[in-house]
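Using the hints, put the two chains back together into the complex; each one sits in its own frame.
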Amino acid sequence: MTKNQPLTEGIYYILLSLVTPNHGYGIIQKTLELTGGRLELGAGTLYGAINNLLDKGWITLYSEEKESRKKKEYHITAAGREALYEEMERLQELLDNGRRLTREV
Amino acid sequence: MIRFRWYYDKEKETIWLNQMAHEGWAMVHFFLGFYWFERCRPGEYLYQIDLFFQLAAKNCSFISQAEYVNLIEETGAEYIGRWGWYRFFRRRAELGGFALYTDVDSQAEQYRRYLRFFRTLGILAAGICLYEICCCYTIGNQSGSGRLFFLAAVVVVLLIAGVIWGMYFRIRRKIKKLEQELL
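Respectively, the protein sequence lines represent chains A and B.
Quick note, in this note's numbering, the first sequence goes up one by one and the last residue is 105.
Quick note, in this note's numbering, the second sequence goes up one by one and the last residue is 183.
It is possible that some hints are incorrect.
Unchecked claim - Within a straight-line C-alpha distance of at most 30 Å, the following computed BS3-like cross-link-like pairs (lysine-lysine) qualify: (1) B/K12 - B/K176; (2) B/K177 - B/K10; (3) A/K72 - A/K56; (4) A/K56 - B/K174; (5) A/K30 - A/K56; (6) B/K176 - A/K56; (7) A/K71 - A/K30; (8) B/K174 - B/K12; (9) A/K56 - B/K177.
These are calculated hints, taken from the structure and not from any lab test.
Please read these numbers as outputs of a predicted model, since none were measured by experiment.
So here's chain B without its partners, still in its complex pose (with noise of 0.2 Å):
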C-alpha cells in the first residue's frame, strides 16, 4: 500500500507512523511524501525518525553518523531509509519502548540542533528572495514575461520561507516548553 503524506513536522509524522504499524501497516519504503507500506502484525514496531544536519553538526564531530546508526541498530532497531536529512528506524515493540532521546535535556539539544538548521535555512530563503526581488526591478520594463518569471520564482521563495520559518517558530515553543520542564 502507498500513501501520500506531506509531514514538515516529524513528531507528527513519527505519531502517524506509529499510528499506522499499531493497525497492521508498516512502512518500509520513503520517497517524496510517498510512504510505503506492508502488512505487520498490529503493533508489531515502534517508529522514530531522527534529523542528521551536517550542516548544523555542532558538537557533533567527534563519532560519524555511520557510528550513530550502527548504535541504532546495536539496540535492536532496525534502519529503513534516509531522505535528505531524514533517517527512519523501528523497533519491535516486544524489545519495549523505543525512543531515541530519554531525558530532557537532550531533546532540548536536539531541537536546538533543528533551530540552527533552520535558521541558515531560512536566511539563505531570504537571501535568494531578496535577489529575485531585485532581478525584478533592474529587469525593469523591458521584458514583461521575464518579470512575470521573477515574480513567480519570488512567490514561490516567499512560500518556502514561510513554512521554513514556520518551523523555525514552533521548534523555539518546544525548546520553551521543554525549558520550562526543567525548572
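The following block holds chain A by itself, in its conformation from the complex (with noise of 0.2 Å):
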C-alpha cells in the first residue's frame, strides 16, 4: 500500500468524527468536545474536506433526511480507517522519539 501524506490536524479530527455517523455541524462539536474547544472548523474549510474525503472515498454518505437537507450524515469506510491507522501510527512514531530522545539529553 502506498503511504498517504500526513494529514492535516482537521482531516484527522474529521475522520475521528466519523467513526460514528454524524453530519456536518456534528463534526464542528465533536471536534470542539475532543480537543477541549481548542480547534474550532471553519464551514468552509469542513466543506472541501468532506468533498475531499468523498472523492477519496475515504468516507461515504450514510443517511439522508429526505425534509431536512442538512441532516445529511457521513461515515468513515475501511479505506478511511486504515489511513487513520497509518496516521495514528505516524504520530505515535513522532511522540516516541520525541519521548525517548528529549529523555536522554
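Here's what the structure looks like:
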C-alpha cells in the first residue's frame, strides 16, 4: 500500500468524528469537544474536506433525511480507517522518538 | 446609510465590513458596489465573504452550495445575501472568532479555486479582445464610426482583462505566501 501524506489536524479530527456516523455541524461540535475547545473547524474548511474525503472514498454518505437537507450524515469507510490507523502509527512514532530522545539528553 | 465602494479583493472588503461593524454599522444589503448599513452595537458582528464558483467547482460536486450555506448557518452565522459569486455572512461576535477557513491548507485550496476561476475569465476576456481587434481590421476603412466603436470596445475589454489578470497574479502571490507558511 502506498504511504499517504501526513493528515492535517482538521482531516484527522474529521475522520475521528466519523467513526460513528455524524453530520456536518456534528463534526464541528465533536472536534471542539475532543480538543477541549481548542480547534473550531471553519465551515469552509469542513465543506472542502468533506468533498475531498468523499472523492477519495475515505468517507461515505450514511443517511439522508429527506425533509431537512442539513441532516446528511457521513461515515468513515474501510479505506478511511486504514488512513486513520496509518496516521496514528506515524503520530505514535513522532511521540515515541520525541520522548526517548529528550529523556536521553 | 448607503456607501459606495468598489473592491476587487475580498480580504480587503471583509476588513472594511468588519471595521464598519466595529464602528457600529452593520452591512445588511449589497448591490453593484453599494453597501446598505444599519446601526448596530459597535463590534456586535463579525463579517465573512465567500466566493462560490460553479465553474471552478472541481472536487466540490458532492455537496450542494445550499448545504454549505446551511452548514455556515448552523455554526450560528447569518446569511445576508449574494451578489454574483459572492456570499455575505455575519455572526455575533459574542460567539467568538468567525472564520470560514481555519487552516493554511484549506486557505491555499480556496485560493487555488479562485485562481482557476480567474484564469478561465482572463482567457475569455483575452479571446474577446482578440476577436474585437480582428473585427477592427475586417471593417477596415469602409466605416469610420464602426471602427471607432470596436476600438472603444477593445479598450474596455482590455481594461477588464487587466483587472482580471491583476487579480490572478495577486492570488498567486497569496498562494506562494501560504505555501511558504506550510514549510
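Checked hints:
no., hint, in the structure
1, B/K12 - B/K176, "holds, 19 Å"
2, B/K177 - B/K10, "holds, 17 Å"
3, A/K72 - A/K56, "holds, 18 Å"
4, A/K56 - B/K174, "holds, 27 Å"
5, A/K30 - A/K56, "holds, 22 Å"
6, B/K176 - A/K56, "holds, 26 Å"
7, A/K71 - A/K30, "holds, 15 Å"
8, B/K174 - B/K12, "holds, 13 Å"
9, A/K56 - B/K177, "holds, 27 Å"
Hint compliance for this structure: every hint is met.
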